[in-house]
Amino acid sequence: MGKGKRKVPGLNQSSTADISFILLIFFLVTTSMDTDTGLPRRLPEWDPNVEEQELTIKERNVMTVKVNMNNEILVKNGKMNRVIDISELKDIAKEFIANPNDDVNLPAIEPYDIEGYGTVNTTIKHVIALDTDLSANYSVYFKVQHELSLAYTELRDAWARRYLGKPLSECDPKTEEPIARAVYASKISETNPKEYGTEQ
Amino acid sequence: MPELNTSSLPDLIFTVLFFFMMVTSMRDITPLVDVKTPTGGSEIVKLEKKSLVSHIYIGPPAKQFRAVMGSADRIQLNEVITDQPEAVREFVIAERESMFEKDKPLMKMSLKVDKNSKMKMLQAVKLELRKAKALNIVYSAGQEKPKN
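Each protein sequence line maps, in turn, to chains A and B. Residue numbers in the first sequence follow this note's numbering, run continuously in steps of one, and reach 218 at the last position. Residue numbers in the second sequence follow this note's numbering, run continuously in steps of one, and reach 423 at the last position.
Treat each hint with caution, since some may be false.
A few chain A residues facing chain B, derived, Cβ under 8 Å [said to hold, decoys possible]:
hint, residue
1, Leu42
2, Phe45
3, Arg59
4, Leu61
5, Glu63
6, Lys94
7, Met98
8, Ser157
The hints are simulated quantities; they were obtained by calculation from the structure and are not laboratory data. In this text, all values refer to a predicted model and were calculated from it rather than measured experimentally. Quick reminder that beta carbons are idealized off the backbone N, C-alpha and C, glycines included.
Build the full structure now, drawing on both the sequences and the hints.
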């Protein structure tokens with residue numbers, strides 16, 4: 019028998035498939051595929067002294083969205099005061115925020131300086147007051163938040179298309195998007211400002 | 276009948292295994308409260324960077340705890356179930372401690388709230404989050420299925 023000519027016996031690999039199958043099943047069981055999605059918001063800073071400030075806001079600048087214990091949505095602004103369906107909320111909010119016809123009952127349009135862009139005419143002093151009953155349903159509250167957020171996004175998109183010549187989704191997230199964001203700055207405030215304040 | 280050559284089967288399975296290892300993530304906690312999050316449309320965004328996100332679950336206790344705890348909304352923080360919103364503050368502090376210094380201001384709280392729960396618990400939790408200076412929140416929600 020010549021040295022170095024001995025054949026190395028092959029390892030029996032027929033069970034490798036089974037081993038990797040077991041690994042595969044282990045990973046299938048212990049992991050989850052779902053990526054987390056949601057509606058991002060920023061809570062207002064907590065300031066225990068805020069109750070001493072009395073906020074004086076002109077009536078035309080305020081829109082109250084109230085969710086009562088029966089999960090009905092009541093909207094009150096300078097033009098209307100009634101129970102609405104959730105599907106109406108977005109358009110009502112958009113009309114209130116932008117005041118396209120310069121209605122005297124809707125928020126005043128004022129010149130406002132935006133850093134890095136210039137002066138724009140916008141309803142910078144408007145406030146949407148969200149008043150939710152503590153026994154109201156979360157799903158209704160969430161839908162209200164979602165529709166209001168959508169109203170702002172659509173207004174910003176329309177503004178970006180008109181003045182920057184492109185939709186919001188194509189704007190530079192570092193330079194152009196903050197401008198569109200500042201033109202229609204989100205002013206959703208939860209009533210009882212001491213406890214809940216203004217979300218952005 | 277000729278035998279089928281299965282020598283490449285392990286490689287095949289390994290490929291599938293690696294695929295799953297990459298696209299999935301470890302299931303972090305066992306749910307003690309029943310949470311079905313609401314769904315929304317185009318305002319729903321994906322949460323990037325899982326390491327920045329902490330979860331707070333609010334909902335009725337899971338079935339096996341109903342006999343003891345009733346069905347009123349509870350808060351789940353990691354593996355602990357509580358009805359005290361004040362516990363959220365300690366949870367935030369602990370979560371913040373476990374993060375890298377540069378990531379601390381970027382911390383996000385994902386609020387997984389059951390869609391049929393009442394607003395009371397959520398508002399109390401939000402107040403505690405503000406006191407703990409954890410201001411970036413996400414109302415966790417799924418993407419609505421497009422209507423055909």
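Evaluated hints:
1. Leu42: Nearest chain B Cβ about 4 Å off; hint holds.
2. Phe45: It holds, given that the least Cβ distance between A:Phe45 and chain B is near 5 Å, below 8 Å.
3. Arg59: 5 Å, holds
4. Leu61: Cβ of A:Leu61 sits 4 Å from chain B, so the hint holds.
5. Glu63: With Cβ-Cβ at 7 Å, under 8 Å, it holds.
6. Lys94: Hint on A:Lys94: violated, closest Cβ of chain B at ~19 Å, above 8 Å.
7. Met98: 24 Å, violated
8. Ser157: 4 Å, holds
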